[in-house]
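Asks: Here are the chains, one letter per residue:
4 protein chains.
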Amino acid sequence: MKNKHYEEALAALEPELVTMARWARAKGQRVLVLLEGRDTAGKSGVISAIRGPLNPRQCRVVALGKPSEAEAGQWYFQRYVQHLPTAGEIVLFDRSWYNRAGVEKVMGFATPEQVDAFLAAVPVFEKLLVDDGIRLFKYWLGTDQAEQEERFAERVADPLKRWKLSPIDVQARTLYDEYTQAREAMFAATHTAHAPWTMVNFNDQKHGRLTLIRNLLDRLPDCALPEEPIDWPPLGHEPLPERYELIQPLPPYPVPGD
Amino acid sequence: MKNKHYEEALAALEPELVTMARWARAKGQRVLVLLEGRDTAGKSGVISAIRGPLNPRQCRVVALGKPSEAEAGQWYFQRYVQHLPTAGEIVLFDRSWYNRAGVEKVMGFATPEQVDAFLAAVPVFEKLLVDDGIRLFKYWLGTDQAEQEERFAERVADPLKRWKLSPIDVQARTLYDEYTQAREAMFAATHTAHAPWTMVNFNDQKHGRLTLIRNLLDRLPDCALPEEPIDWPPLGHEPLPERYELIQPLPPYPVPGD
Amino acid sequence: MKNKHYEEALAALEPELVTMARWARAKGQRVLVLLEGRDTAGKSGVISAIRGPLNPRQCRVVALGKPSEAEAGQWYFQRYVQHLPTAGEIVLFDRSWYNRAGVEKVMGFATPEQVDAFLAAVPVFEKLLVDDGIRLFKYWLGTDQAEQEERFAERVADPLKRWKLSPIDVQARTLYDEYTQAREAMFAATHTAHAPWTMVNFNDQKHGRLTLIRNLLDRLPDCALPEEPIDWPPLGHEPLPERYELIQPLPPYPVPGD
Amino acid sequence: MKNKHYEEALAALEPELVTMARWARAKGQRVLVLLEGRDTAGKSGVISAIRGPLNPRQCRVVALGKPSEAEAGQWYFQRYVQHLPTAGEIVLFDRSWYNRAGVEKVMGFATPEQVDAFLAAVPVFEKLLVDDGIRLFKYWLGTDQAEQEERFAERVADPLKRWKLSPIDVQARTLYDEYTQAREAMFAATHTAHAPWTMVNFNDQKHGRLTLIRNLLDRLPDCALPEEPIDWPPLGHEPLPERYELIQPLPPYPVPGD
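Going down the list, the protein sequences come from chains A, B, C and D. Under full-length UniProt numbering, the first residue of the first sequence carries the number 1, and numbering increases by one thereafter. Under full-length UniProt numbering, the first residue of the second sequence carries the number 1, and numbering increases by one thereafter. Under full-length UniProt numbering, the first residue of the third sequence carries the number 1, and numbering increases by one thereafter. Under full-length UniProt numbering, the first residue of the fourth sequence carries the number 1, and numbering increases by one thereafter.
There's no promise every hint is true.
Put simply, identical chains are the same to the list, so a pair is met inside one copy or across any two.
As the list claims (entries may be wrong) - Computed list of lysine to aspartate or glutamate pairs in EDC-like fashion (alpha-carbon distance at most 20 Å, straight line):
1) K27 x E178
2) K127 x D116
3) K2 x D177
4) K164 x E228
5) K27 x E238
6) K161 x E228
7) K164 x D231
8) K66 x E150
In short, the hints are calculated from the structure, not lab data. Note that this is a predicted model, so its numbers are computed, not measured.
Sequences are here, hints too, so could you generate the full structure?
Replies: So this is what it looks like as structure tokens:
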């Protein structure tokens, strides 16, 4: 997909995102979006696209690292629960409690019993949230291995992207099908009427982002709210310049092309 | 400044940001950047530019709302302290404890005694952090009122930017000079050898971003570290396609131009 | 019940509490005790009795105040969840999520719909905790109004106890039966096989405490663990006295009777 | 000191503690008490005595364990700062930031450079708190080794007290004088006009408690406040008994002596 077309299409969605956020704020709605998928799938890209036009004080991103020792001893969902949205918030989870049924299962970080217990608990846990009024969306970003290999290769080659490569990624390559199987088992257990999964093809990441955002917006109710008019009188005097007294500004960066 | 030139120049800085982050991680360095300035100055823009190429698990943004009742009763710095960087982290404060000497002073949310006590405490507080090894940078983003008026007008006109306007902004227009005076008083009290302020002209936001990032990078020590080679063997089989079983992907978003 | 008999009986239970705590630590068990009941029932007294002999770093008490604005907008259970025990901990809740079915219902702080939704959610929520291995105990401390009146009168008369009286207590007197009805409705909805309620008569608080602690201990599995021997060699020299150099100790408090 | 005399004397102090707490609440005062001393000195005992008559929602005890990895990488004071009192609170620290100059120094958990940096930072840090209006009290509880040996021996012998013994205690016996030296060095660096240390002899723990509490009360300003009268009308009907419907109370615990 061409950059230009992507940007036009995204620009057309942004006002709807802003409208949705205004509605969430005004109505005290809580929106929770889980983003799952293989490494390189494009989770951060779609997160950036969603939160780009929104108020960072309203739209939070949650990307938890590995649990501390105290957290590892807690109820499995506990460390996620504290980041759930309060009234008026939109929260995007970059990976989520589903780690247990994905990477933890495939890499053997969780026992089969733990995975089974998790899969049994999830629909119940999510129903509690949904019944409480949280609007929960669960997206899985699909990527063929050919595409994934290309992106991995880019990360290896590009020093700017090296940090995105972890030792787990190296192993993930040889476990592509195990991840697929884990995902299907996860879907079988957790694709419920109250909290269904949505699969989005992210082989073309830009196209995937648009598809996901369009779907998210379509599944929220009509968010239109009358704009309150802003009273914006003329300034009434010549605008003032900065007066630098104690400290002078830095000399500007010399720009190529200037 | 032309978009193309900006993007080229930023692209040239990004590898340095990534190198710096790798160094911070490897050496357990803590980097703390405070971003202050008038409304519309461009704090969020420069924050996005800095964190763009970085790992969101390493580079955090802190933008605190107004204090809760419990926080209002605490030591003034307490709610900020809990967000300071741990070893290996880069933390960007979108506004900071300096609120007390800026908006709180000008709008009368803090008493003159509170402002004076704050200005006396800041150099001492910051010295504790710096002596502990935190690398503290304080930037003030300057904007002439003519420029600010233009940006406010844009926010009024553009539904995408309306949320950026608060009632306090409306008042800030008539208090432009009071903010200048407050800033100069703040500089007089808190521009110290151990934690100096840096002023950056953000009348051209793109140019301001480059100037600020260049300055930040120049003030950190040599961050170069040898790259560890990554062992990246060939996959050894045909890459696998996604196998969608239980759930099929969404139909792709129809793209204008396709 | 005579003080002397109470103290003897409690002294007999304390080693069992300590043994239980040692077992919880060694086995990574999580013990969660909810204490509910009318004002004056004696919740704090039994909490003190339980935690008296235990390590305060292992046995925590949770007594939440009224929710902040952010908490009020969250999933109802969220602010409680963050205090659940981690492996090895014993947590005592002085009131709990059941507030919603008690004081909030009777005083009209929650709507009937909120109370109904809460009562429907509780058994599901608690099952998640119990299935995760948390050992959950729910006690309700019963008190006849004659007894309650006496205790209220004592609080009114005794300046030491005045702080225990809140305006809500004053109203609770006239709502004694409403609280009874609310409790029975709560029992009907939440007395489940996986998380049953236990009622304890606290008309005699000392007797109530012993009864409750005995029951708690009886419902935990055999907690005996072999003690590891402690190697405790003789000191090998005369014990040293304190050497006060820079600061001398305070003169001792003059004790009546000395 | 005889138990009876102790209890009489403590009972005489309790109304003053309650008055002080009422004053702190009414005036939004923040009271912070640090309790330091050798193992077995009696820190928990005096904490229990202070908080005994107070509202647990107002008087908090803070006893931090060893730092997590993230905490270990932070500004040294950071994890303590988040527990400082808010307006109206009384906070008792069972050990405190002074760990670095005591156990961490003597046991070699901190480098000499870290200890020196800490000792240089403390007076500055504490002055920030005191200047902000926090009422800070620092007590060191002294114990001759003869007394300490006796208490250790009791812990070894008494299964109820075994959990109080840690491997560090075993070593502390042979390091009695090193702890004395560390304390004196700490006093030399941190016994300041704005935050002086107070030494209390805890060879007799009961006597020590009274001495410490008396000193604390004497150093707070006049806390007397007029009591608001409580309107406490007669109930107006026969008091109601509990009506147990769904669940009957447990059979009472059989009490020796009954």
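Asks: Can you give the numbers of the hints that this structure goes against, from lowest to highest?
Replies: Numbers 1, 3, 5 and 8 - these are the hints that the structure violates, sorted from lowest upward.
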